[in-house]
Amino acid sequence: MGNASELFTLDPNKAQLVTESNVMYDMLVGLTTLNAKGETVPGMATSWSTSPDGLTWTFKLRKAQWSDGMPVTASDFVASFRRLEDPATASSYANLLYPIAGAKAVNAGKAKPETIGAFASDPQTLVIKLTHPVPYLPLLMVHSTGFPIPAHAVAKWGDRWADPGHYVSNGAYTLASWKLGDRLVLRRNPKFYEARSVCFDQVSYYPTSDPVSTERRVQSGELDMMDAFQSSRADYLRKKLPGYARTIPILAIYYIPFNLQVPQLRDRRVRLAMAMTVDRDFLTKKIMRAGQAPLYGFTPPGLPGYHNIADPVWAAWPFERRVLAARELMRQAGYSAERPLKLELKYNSGTDRALPVALQADWRRIGVDASLAPGEGQIFVSELDAKAYQIAVDAWSADYADPTTFLQLLATSGGPQNHAGYSNPVYDDLMGRADQERDAAKRLDILRRAEAIARDDWPIIPLYSGSSRALSNPVNSGFFENPMNWHLKRFMCRTGPPPGANR
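Residue numbers (the numbering used here): 2 to 504.
Just so you know, these hints were derived from the structure itself, not from any lab. We treat Cβ as the ideally placed atom computed from N, Cα and C, and that holds for glycine. There may be inaccurate statements among the hints.
[Claimed, not checked] Here are the simulated distance ranges between beta carbons:
id: 1; residue 1: I380; residue 2: G335; range: 45 to 51 Å
id: 2; residue 1: D69; residue 2: Y237; range: 25 to 31 Å
id: 3; residue 1: F481; residue 2: G335; range: 50 to 56 Å
id: 4; residue 1: L373; residue 2: K157; range: 43 to 49 Å
id: 5; residue 1: A396; residue 2: A362; range: 38 to 44 Å
id: 6; residue 1: G70; residue 2: S122; range: 22 to 28 Å
id: 7; residue 1: A441; residue 2: S210; range: 37 to 43 Å
id: 8; residue 1: V213; residue 2: R322; range: 35 to 41 Å
id: 9; residue 1: G70; residue 2: K38; range: 30 to 36 Å
id: 10; residue 1: R217; residue 2: G497; range: 16 to 22 Å
id: 11; residue 1: A396; residue 2: R188; range: 30 to 36 Å
id: 12; residue 1: G182; residue 2: R322; range: 46 to 52 Å
[Stated by the list, open to error] Taking lysine-lysine pairs in the DSSO-like style, the calculated list, with each CA pair at most 27 Å apart, reads:
id: 13; residue 1: K157; residue 2: K180
id: 14; residue 1: K38; residue 2: K240
id: 15; residue 1: K15; residue 2: K105
id: 16; residue 1: K61; residue 2: K111
id: 17; residue 1: K38; residue 2: K61
id: 18; residue 1: K105; residue 2: K443
id: 19; residue 1: K192; residue 2: K38
id: 20; residue 1: K38; residue 2: K64
id: 21; residue 1: K130; residue 2: K105
id: 22; residue 1: K130; residue 2: K113
Given these sequences and hints, build the entire structure.
Right under this line is the structure:
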């Protein structure tokens with residue numbers, strides 16, 4: 002398997018990259034999990050119930066074992082939640098479980114991890130107490146932040162429990178070896194509760210930062226699949242490798258965050274002018290060409306029950322009219338072609354360079370001189386988290402199928418993933434009100450209002466909604482396109498001879 006970048010970690014309490022999740026989903030199972038089609042189904046929990054006020058959830062666990070034969074218990078989930086929120090862990094995803102009572106206070110260093118509202122009433126029963134109703138909790142528990150950790154292994158090895166030789170898993174595979182810059186190998190876990198249905202005995206992940214060379218490795222049969230081919234090559238790949246390219250709309254957005262710590266970018270006129278001047282139709286139809294759609298809001302289409310906010314009025318203007326209006330905004334802010342605003346645009350080195358080049362050309366028309374600065378995947382993400390950038394090409398894939406998976410990125414409590422450093426008390430108040438609203442339709446309406454308020458501030462520039470861009474050899478079954486874009490290897494199997502021999 003081609004995995005788009007090298008990994009930082011396989012510790013679910015510390016992971017933050019999609020490429021890390023690609024591997025962890027094959028090794029660990031939360032209270033809920035995904036089926037082959039990306040739908041949420043029971044995982045370690047076989048059933049669950051909620052209290053009338055929606056603040057207490059009780060999960061009944063199946064009898065299951067870790068790969069070393071120790072039982073998986075409710076205490077392993079409690080240990081994971083406590084460790085995730087412990088400030089010493091420094092998890093980028095700690096905010097995702099803030100709905101659990103006490104979690105936010107623990108993460109802020111104001112309470113001890115033992116005070117978190119999750120406890121084992123018996124080895125097979127986990128009780129979770131919430132600060133507000135979370136109707137999407139079963140969806141959220143699929144995410145790696147909801148994975149259990151082997152408390153016995155962590156007690157023995159500390160943070161080294163996730164190293165090769167120490168790793169203990171409760172999913173379809175366990176970690177056999179991991180050599181940086183080479184490959185990561187998983188082997189089938191005979192202790193997995195559905196081990197008999199797992200086809201492949203071994204799965205190897207290769208870090209593949211160069212998408213074009215990775216295409217060739219898939220074509221030759223060296224790799225069975227890759228997770229992200231270069232979008233601009235979609236038409237070519239459909240013709241060259243019929244049946245390989247898998248492209249459907251997914252719950253993901255691509256956007257430009259403004260680092261609001263940069264004085265020049267605190268001027269809303271500058272941010273609005275740059276948003277107006279992005280030619281999204283050109284980006285999606287001429288550069289990306291893999292099913293992406295122009296986006297003017299902070300949420301992609303396809304979220305269940307959610308109606309996206311209306312596009313801004315200027316989105317319907319002819320592009321030249323937008324450019325003229327943007328130039329006037331820049332003039333008011335003190336910039337012009339003769340006195341340009343100089344910025345650095347950072348982007349992941351795996352990004353099709355045609356995208357930042359097109360943005361650079363768009364902004365040049367209004368007096369913005371954007372120099373291009375590619376960065377390697379791990380370093381790039383760290384720089385955005387640390388606000389060590391001015392503007393950047395960023396992306397976010399849904400962690401669960403609810404608008405808050407995107408809108409929480411702009412909340413003051415959004416943690417390092419709020420790459421813009423945006424803070425608006427009105428927005429935060431609406432997000433809090435949505436948390437407390439029990440009526441589903443009213444809740445979504447409040448979220449729409451919050452999205453509209455933040456969009457009017459333009460802390461980020463939405464570019465387009467995402468599309469899956471996988472290459473998968475058609476002799477392998479069990480690969481189903483789905484909006485969440487997750488593809489667990491436990492469901493895949495080879496139905497024909499080894500791929501690529503004659504290509």
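Hint check results:
no. : hint                      : result
1   : I380 <-> G335: 45 to 51 Å : violated (33 Å)
2   : D69 <-> Y237: 25 to 31 Å  : violated (47 Å)
3   : F481 <-> G335: 50 to 56 Å : holds (53 Å)
4   : L373 <-> K157: 43 to 49 Å : holds (47 Å)
5   : A396 <-> A362: 38 to 44 Å : violated (21 Å)
6   : G70 <-> S122: 22 to 28 Å  : holds (24 Å)
7   : A441 <-> S210: 37 to 43 Å : holds (42 Å)
8   : V213 <-> R322: 35 to 41 Å : holds (38 Å)
9   : G70 <-> K38: 30 to 36 Å   : holds (32 Å)
10  : R217 <-> G497: 16 to 22 Å : holds (21 Å)
11  : A396 <-> R188: 30 to 36 Å : holds (32 Å)
12  : G182 <-> R322: 46 to 52 Å : holds (50 Å)
13  : K157 <-> K180             : holds (23 Å)
14  : K38 <-> K240              : holds (26 Å)
15  : K15 <-> K105              : holds (17 Å)
16  : K61 <-> K111              : violated (31 Å)
17  : K38 <-> K61               : holds (24 Å)
18  : K105 <-> K443             : holds (25 Å)
19  : K192 <-> K38              : holds (24 Å)
20  : K38 <-> K64               : holds (25 Å)
21  : K130 <-> K105             : holds (13 Å)
22  : K130 <-> K113             : holds (16 Å)
When held up to the earlier numbered hints, the structure conflicts with 1, 2, 5 and 16 and fits the remainder.
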